[in-house]
Amino acid sequence: MTNVTSAAQKARMLPLQILIDGFAISALYALGATGFTLIFGVSGVLNLSHGAIMVAAAVAAWAASSTFGVGNYVGAVIGIATALVAALLTYFAVVQPIQRSRRIANEEKEIFVLTGTLLWGIMIQEVIAYLFTNNAKTVLPIVEGVVEILGVRTPRNEIFTALVCCLVIGLLWLLVNRTKMGKAVLAASMNPRGVTLLGLELTNIYVVVWAIYGVLAGIAGVLLGMFLGVSSYSVGPLTASAFSIVVLGGLGSVSGSLIAAFVVGYLETFTAYMISPAYRTIPALLLLVIVMYLRPQGLLGRR
Amino acid sequence: MKSAVIMSEDAAWTKPLDVGYKDCLPTVGLKVLDHIRFSPDTTDFTPIFNKIEASKPDVIITGISHVGVQPTVQWKNQQVPIPMFGISSQATNSTFGKDTNNASDGVLYQGVSGTGVAVTPKSVPFADAFKAKYGNYPSYAGYTAYDEVYYIAEAVKRAGSTDADKLVAALEKTDYEGTIGRVQFYGKDDAFTHGLKYGKGLITGLMLQWQDGQQVAVWPPEVAKSKIKFPAFIKVTAN
Amino acid sequence: MGFFKTRLFWISLVMVVVASTLPLYVSGYILGLLTVAYYFGVFAMSWDLLFGFAGEVNFGPTFLIGVGAYTAGIINNQYGVSPYVCIFIGAMAAVIAGFVLALPALRVRGPYFGLTTLVAVLMLQNFIVVFADLTGGEIGLTIPDVITISASANYWIALGFMTVSAAILYGLSQSPIGLVLQASGQDPVQAGALGFNIVKHKLFAFVVSAFFSGLAGALLVFYFGTASVGTVVDVAVGVNVIVAAVLGGRRTVLGAALGAIFLIVAGEFLRPTGELATFIVSAIALLVVLFFPGGFLGAAMSREART
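Chains as they are written, first to last, in my numbering: chain A, 1 to 303; chain B, 1 to 239; chain C, 1 to 307.
Calculated from the structure, these hints are not laboratory results. If you're wondering where the values come from, they're calculated on a predicted model, not measured in any experiment. Worth double-checking, as some hints may not be accurate.
Unchecked claim - The calculated label-pair distances, taken between Cβ atoms and stated as ranges, are:
# : chain 1 : residue 1 : chain 2 : residue 2 : range
1 : A       : Gly69     : B       : Val236    : 29 to 39 Å
2 : A       : Thr67     : B       : Ala141    : 23 to 33 Å
3 : C       : Ser82     : A       : Thr67     : 54 to 64 Å
4 : C       : Ala283    : A       : Leu163    : 33 to 43 Å
5 : B       : Thr27     : A       : Leu294    : 46 to 56 Å
Unchecked claim - These stretches of chain C come out as covered by chain A in the derived footprint (C-beta under 8 Å, 3 or more residues):
#  : stretch
6  : 105-111
7  : 116-125
8  : 235-249
9  : 269-280
10 : 284-291
Claimed, not checked - Chain A is faced by these chain C residues, among others (derived, beta-carbon under 8 Å):
#  : residue
11 : Val57
12 : Val130
13 : Gln186
Every residue gets a Cβ at the ideal spot worked out from N, C-alpha and C, and that includes glycine.
Work out the full structure: start from the sequences and follow the hints.
This is how it looks when you write it as structure tokens:
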């Protein structure tokens, strides 16, 4: 008798479990991809050092709190600051020189930015591996312990991760749609030449966008470090996952990326629960290929 | 303890390991309830732990190497109430505790030797010299590789040649006390052709546990420094 | 052909002649290093044909290389067929893979195509891990046969193969086909309007690139005696191929081979720096990308043009 009820209970719990676990990971994917898509939308740059910047944030937060004992909050702030610095460095040391270079033909700038940021990302990754080894690191969660949600034992940290992601994305929306600076950014993404005609300095807008990007990548990196942990090996997969989410959603479309992040997050979680954790990423990759064939501009992309 | 779930990364090295687990666990009275293999690049272990918990085993038997820090931290954060026991290569690193913010406490793993464990008189001096040179204690590969260099060199000397056949013949006669125990090999007609001989007085392997941020030997009794103990969220079933 | 009168031709000829005498006076270790470098050179040249000429951002050179390498390896491992047959089948399998990769390229461009190629590599990697019984999984596939065990013979095979590949690929790039490819890469609409069949030319470029990548991949695993994700499939290997081509100079074909040899030799010289070697190589590559966007050969040729 008890077996029967527990089986029925299990069947009822499973969808809820998938719903809860999928949400946290999707929200994290969404936050990671938002900054990436914002930069593409505004300046047409695909930043392939994205994963490295996220990992740098997490490892800095880990090192600050475990080696120097500064505590969780200060550690998190140091992590985010690291990502901010890394993002601005990426812009000034790699992206801007390529964009301004007279030796590189305009139609080739895209591939140069891709190669340049890729190399830059590898450099960051190697520095991390050199200083802190290849071992995975985890940031001590700000909130610990677990709570029961309708019978599903959920770490408080998982809820915290989901809440922070939603909050930050919400703030970003307000920033872009409700502030003067945000509107300038939005305008730049639609028509860069028009913005310069209005007397706004395009470079300033780019710097602002890269700064926003750095903070977003930093928060995402630190949260990832608390929720799942990172290592210097995560650099490639993180960049690839942001890249695929952003392409799936439609390059430059922030709302498209958000939807795509949840599609990918839930598809992976569903596969891990219902089919096998060994095939976790395969259906998402297949979906990406199918979308590429049927709707190359992505879910919400403009061509 | 009556039941177990095997949790291994989907890799070639765990295939024979899992066959061994499945054959041997029932002989010590553990029923294998489930066998989960996951992709070695898994980062989110929540679904795996939930699946394991649903089948209510008394212990999780691990076969992990590519992953280690991440499942351990998530095991603690999610407060999965089941002990983990088995092969966990990353747990043999002395930095594992710091990398996981001591989420490692309670993890039981197999090792060939360990920090401060005098498996043989050579073990501790080697580990200390390694630490003095590289800043941290060796992981499992440090001990085995150190021994290998010596007994292979010894075999080359005995064979007086690096010719493959002569070297094999010399290696078959190896009897070398290294940092992991006394190394001898089975002959070419034995069931485990050229495998390492295990047993009392040879190599026994150790079980170690992370306790309060330290690696502590808990088996065999001759070298054990402490009893097995678990963090509060683990519910250990009697025996 | 004006090429035979250029300085580039004579320099290349001298270099090949000098390289072919190396086994007479350098150690087997250096020969082994250069053998790998020459196969890498073919990878990079094949990639340059697709990127430099057809304008396709291919992040997945290792998809083509890996398919060729693993097909050849698996057939040898499972059926014990002669290495030469295996290598041929491997190259043909890579050509089919080239077709598969070409399909999305005809529909999507730029970063979208780049991602498709990246996904192809990730899928191949998943396949190798999931079907470990067939592929050897992450430990790698043992390949029972070798072409030869002589270091000098292996070296000459690699050098000869690279020289022939370079001649064919360079010849193609300078032929009318190369010009049409270049035009369709830069402005497909206009090239089409001029009456060129872009689809046919692009497919051709993919097939040629895939053939040489797969052939080189198959030869390489018979040299190594093993095929593994880390040596012929991993995205990091693909990144090295791309870096080699960009370093040597895009759209030069020959520069790609130079870049590949430089990468591998530099890696060796940097061995004493230990874990920092990759960092230093990446930093040099980044500096070249930023300050000498034409790459080694591009910089050398523009200097020649000025004098």
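Here's how the hints hold up against the structure:
no.	hint	in the structure
1	Gly69/A - Val236/B: 29 to 39 Å	32 Å, holds
2	Thr67/A - Ala141/B: 23 to 33 Å	25 Å, holds
3	Ser82/C - Thr67/A: 54 to 64 Å	58 Å, holds
4	Ala283/C - Leu163/A: 33 to 43 Å	40 Å, holds
5	Thr27/B - Leu294/A: 46 to 56 Å	54 Å, holds
6	105-111	holds (count 4)
7	116-125	holds (count 5)
8	235-249	holds (count 6)
9	269-280	holds (count 4)
10	284-291	holds (count 4)
11	Val57	6 Å, holds
12	Val130	7 Å, holds
13	Gln186	6 Å, holds
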